[in-house]
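Peer 1: The primary structure of each chain is shown beneath.
Number of protein chains: 4
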Amino acid sequence: MSQYVPKKTDRFTFGLWTVGNIGRDPFGTAVRSSLSAVSIVRKLSELGAYGVNLHDNDLVPIDAAPAERDSIVSEFKKALADYDMKVPMATTNLFYDPAFKEGAFTANDPKVRAYAVQKTMRAMDLGAELGAKVYVFWGGREGTETDACKDPRDGIKRYRECLNFLAAYDEEQGYNYRFAIEPKPNEPRGDIYLPTVGAALGFISTLDKSDKFGVNPEYAHDTMAGLNFVHAVGQALDAGKLFHIDLNGQKPGRYDQDYRFGAEDIKANFFLVKLLEESGYQGSLHFDAHAYRTEDEEGVWDFARGCMRTYLLLKEKAHQFQQDAEIQAILQDVHSDAEGYAQLLAAPTAENRSKLNATQFNREILGSRGYRYERLDQLTTELLLGMR
Amino acid sequence: MSQYVPKKTDRFTFGLWTVGNIGRDPFGTAVRSSLSAVSIVRKLSELGAYGVNLHDNDLVPIDAAPAERDSIVSEFKKALADYDMKVPMATTNLFYDPAFKEGAFTANDPKVRAYAVQKTMRAMDLGAELGAKVYVFWGGREGTETDACKDPRDGIKRYRECLNFLAAYDEEQGYNYRFAIEPKPNEPRGDIYLPTVGAALGFISTLDKSDKFGVNPEYAHDTMAGLNFVHAVGQALDAGKLFHIDLNGQKPGRYDQDYRFGAEDIKANFFLVKLLEESGYQGSLHFDAHAYRTEDEEGVWDFARGCMRTYLLLKEKAHQFQQDAEIQAILQDVHSDAEGYAQLLAAPTAENRSKLNATQFNREILGSRGYRYERLDQLTTELLLGMR
Amino acid sequence: MSQYVPKKTDRFTFGLWTVGNIGRDPFGTAVRSSLSAVSIVRKLSELGAYGVNLHDNDLVPIDAAPAERDSIVSEFKKALADYDMKVPMATTNLFYDPAFKEGAFTANDPKVRAYAVQKTMRAMDLGAELGAKVYVFWGGREGTETDACKDPRDGIKRYRECLNFLAAYDEEQGYNYRFAIEPKPNEPRGDIYLPTVGAALGFISTLDKSDKFGVNPEYAHDTMAGLNFVHAVGQALDAGKLFHIDLNGQKPGRYDQDYRFGAEDIKANFFLVKLLEESGYQGSLHFDAHAYRTEDEEGVWDFARGCMRTYLLLKEKAHQFQQDAEIQAILQDVHSDAEGYAQLLAAPTAENRSKLNATQFNREILGSRGYRYERLDQLTTELLLGMR
Amino acid sequence: MSQYVPKKTDRFTFGLWTVGNIGRDPFGTAVRSSLSAVSIVRKLSELGAYGVNLHDNDLVPIDAAPAERDSIVSEFKKALADYDMKVPMATTNLFYDPAFKEGAFTANDPKVRAYAVQKTMRAMDLGAELGAKVYVFWGGREGTETDACKDPRDGIKRYRECLNFLAAYDEEQGYNYRFAIEPKPNEPRGDIYLPTVGAALGFISTLDKSDKFGVNPEYAHDTMAGLNFVHAVGQALDAGKLFHIDLNGQKPGRYDQDYRFGAEDIKANFFLVKLLEESGYQGSLHFDAHAYRTEDEEGVWDFARGCMRTYLLLKEKAHQFQQDAEIQAILQDVHSDAEGYAQLLAAPTAENRSKLNATQFNREILGSRGYRYERLDQLTTELLLGMR
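Residue numbers (my numbering), protein chains in the order written: chain A, 1 to 388; chain B, 1 to 388; chain C, 1 to 388; chain D, 1 to 388.
For the record, the hints were derived by calculation from the structure and aren't laboratory data.
Partial selection, computed: residues in chain A whose CB lies under 10 Å from chain B:
#: 1; residue: Glu102
#: 2; residue: Asn108
#: 3; residue: Ser205
#: 4; residue: Val215
#: 5; residue: Gly234
#: 6; residue: Asn357
The beta carbon of each residue, even a glycine, is placed where N, CA and C say it ideally should be.
Whole structure, please, built from the sequences with the hints as guidance.
Peer 2: Right, here's the structure in full:
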């Protein structure tokens, strides 16, 4: 059905590093050849993606001379134009090089921090040149294996100073990026600072230009800590801070798996798609994942197709949920506000406090009500199984 | 040694519900008799505690008539005076009664939300009468088993409305409480809103009177999700939001164990005590834990003594860490800022940006440095083992 | 469709304690009234269940006098007959009473161990009287909060002695039970002995009458530890040791949730049903779960219906998987044994070793193959979503 | 103190791959240079290690010609002799090469399985030549990302066939290895077969020559799944199956950290050392860990020293625990068997059953006893802190 064929308007994006992943892991070497950036752009465009995102060094080698850099960028821009692909988001690789082994923005050595900021300034230049509007900060090395080495308050403070510095650079250059912080609890560091979506939201309120900053939640990252990702995204939306999102698959309580979107916990993925669609979120739907290591290049494109298709299938399921009379009847019943208490609580006035104070509640009645959530969840399950 | 005997100035507190825990669990019935509030106050005072904290219904039954309530409170106040004990913190029980089975501040039924707010207003009155300065919100029932029943944005929004309502009540009554939100990821609900210290910090920035609000981190709660609690407390301190703290013991990735402080992960507990002491935190050191179910009343007091004693032992270890020449030499070396980069990054001026831009970094040199953290962590381990 | 209506031949069973669960949890009191054993039998029969299982004290109070016991049992047997319900499995409650707070078969106090064995002998009598063929051992209290109290070797040794004792009793009485050990990693104890299906399988090989013993894997239990339950059941089947199974829903890394079967991880549940059906397993399909605490009695029956219906829906999906040409083509391709190596490895003969030794393998060719598992898993996902 | 200086008689070993680890991880490149096998042997000998263990390809490149292989082996044997170092354990690298990306002994492709067995035969030859007595099987690639691709029963069956084949080869060659299976729950595969010590023990009982097989438990591996490693080792000892052990540090519920022994959970490490020492275990104490990525070569040797020293410190603590009068008094009290029930349960005779049946137990008395485990665990904590 054509409704499940990805279109530009679906705003699907992939990182160069995702379909470009060569299958190296801590216990094994590469299983696939590198794909050129240009070939990735072409193929993703064919598959219906809207854009491609990148770290500076996904495109330009860390030590490239200016001329080499310019030639690479120019060829890449041509490919973007040829295949009608955007670069909606850019970011900095502050994790691969040994220079960052003890941290980047939070390193104990101030010289490392300075180098990390300089590298980011240049990567921001690159992103701007490619038209990126969102700039992501994933602090993969910002953490510790032992807290003997660093006061966590210093970690947070240094992080803030670097982001304040870069926000000022953004303003100076007129880039007008939306900065999106991407949290992760651990791996590759023992523990990473700003481990969760919530931690990033809390941190943002301490920044100089907090309006410029939002979050880039990744399904796998909060899920690694066993947290409810739908709740995390809901909080980000409530705060007006969902600037970008990374979709993939992950089991709780283990290493970063970065599976195909939809590969794990269909129900949670459904609620996520439903929330994104109902919220009117207009940013990229970015797949930060990679093909299983069992795959060759054909499998990589199977993987990319699967991410997009499952999103569209779940979007249709969200639509069905809204149209399902029995589901909606249960929801309407449990949300009913026959006596106007919702209104009362929404306005913290003296009059409402006094009204509330005078009310007599019957807690036995409140406690004896059945909510029919077993039925509601079962109906959801059957809807997901296509058996409804 | 007298330095390990708890004193009032150590600000150790327990909840009535902690030493009063009767050992019921999901699979077993009570193993100990209830202790009266007055006997708890007396015994804790003898053991060197500074104060005792409570939920409204720890002291006053949920359906007590006014006269009964007043008589209980009066007797309890007399005990506080007799044994020189304070009530630094109070809170509301919004989780035990069936009325709250679907949530309290975030319930779908607005009448339940209204009852929860009213109950809290009365519990705030009680706390104020007992001299409490900190008021804790632990939303134990604020969550879901299935996200079919509620949009997470609604959960967050209702939570905010209720807290805004109560902050206005606080102002009206002149209580001047410091409100402390206590996060928890799950249990007794499948997933709880505001699951982590970070999530609570993020949420606070969206409240009407956000200055009145801080956090009450609990060791067990962030640890259940496998997060680094020391980092979480560090972030709260950095934001000026550490209003209260709950100390106990917990293994990651399992049910809420609420063990004696120090029973799990000695190294993490050490870094926590070190951070609290170095930060100048002046709030209560509250033990939110209970004795193993294998214990009778004697074991309960063993438990209470152990919590306090281990804190004092680790405080002494933190002092030793500061005095240890080899440890301090490693730390001094790795933090050195010989070339002034720390200063440069601290001020996001055009001049500094330009200076940074012009700097040449040698990433090979940065990457080849050894940090001696294996040695540092080993020294810490040996210090903890008393073998140094 | 009638194929999704439970029938006796589906062998679905529930525990009295499951639909009878009154919604107590560590932080809240009961939300539902108790249901009588007889009314449970009647209602489950109406819903299509095959049988009902029980702990001794689900039916007979722990201190019942013989006459009371006999009258209860007699009334219960009449209900079983009236409603054509079986008791395929029985077990002992060795966890609720304070006597077992330090363990039952593994308690340090030998008198507690003796009492636990005696209680089990009597519960075996009860089970036999009710026609139970499988007897389950769930050692809920067999564990520790601190390993200071017990050498783990003693725990294992005592466990074995008690089971050997009871196996001899079984033989003496001619009950001819199939004994099924049910593992769990933790809760209500800090850590429980025999934490996983694997641990139980390993332990069985050390028992006097190991042929009488198998396992009763519970989805929630291995899943709490983040283990792959399908693999665990596969190992039990491979060893001929799957004597019983407990089906429910659970998220990894948290407290024991005991959700409705199918409520969590649809894909894992699908592979589980597929494995059970393909293996020819003929034991009970027991739902060891309970309704959300938000539910009243109506919700309890919604819950029971949902467990059975989802099993039947997934069974149909397993059938579709077998019929799906594209899926089967991928599987056939990756399992192909064109050169007969499978046969060679199956027979550890000198000839085969010598043949193998002489073979030249081309590891580059082996490594370059793509397995098409992204496609295979995507097809599975779409089949599960009813979009195929 | 000389008692904390490692000696040959302490039987400490390291893998070539442990101190030789160059600090590559999923997000970063190498930070340290390779060390030659000979230099590792020399340095470890200086530090007091007893031996060094290896995978075939730690020493000999996967494609080495026979002459190259022999020359490498000969040089290595000379170094072993020169520095008085043993190779107590050898193993096969069945995870690094792309050939094994879909599994080795459990691969769907029978040719891959055959190659894996052949490679292991040759690695067994190498190990035998170097004097290894224990041969380890770590099935790092034996697992799945999606269970669509393989029936778990097939995985187990193939694993068994390969091990049976190799056991026959061992017999044929007269190597007389003790085979030790090393379980791991996940990483690098989504889920790994034989995920826990228990699963390996269960599996062993299904092998042709099960007496030849035992386990090689690794602290990090069961701990990743949040299981109690001390209990796992206790079960292995009880079954007479502890053939080897891998010591390191790990936090539950996250990626494989392989920290220095003692770096995580001091109390659990203490109980582990205590168990090993009290059990009379005489195998190698192998450190399967590596230095933090922040370290240069100096840090690597700090790491190696730390592993051994912490073991010796904890061994001394275990001795103190045995000598501590207050600790021993509590233990003696709770284990008392005044009425002879331990003896009764140890013999499953008709007489004992009848005696037990006739006994009257008072469960209120059993349930009211206090066990003083809070005190016991607190004393243990203080002993560990050197404050006792």
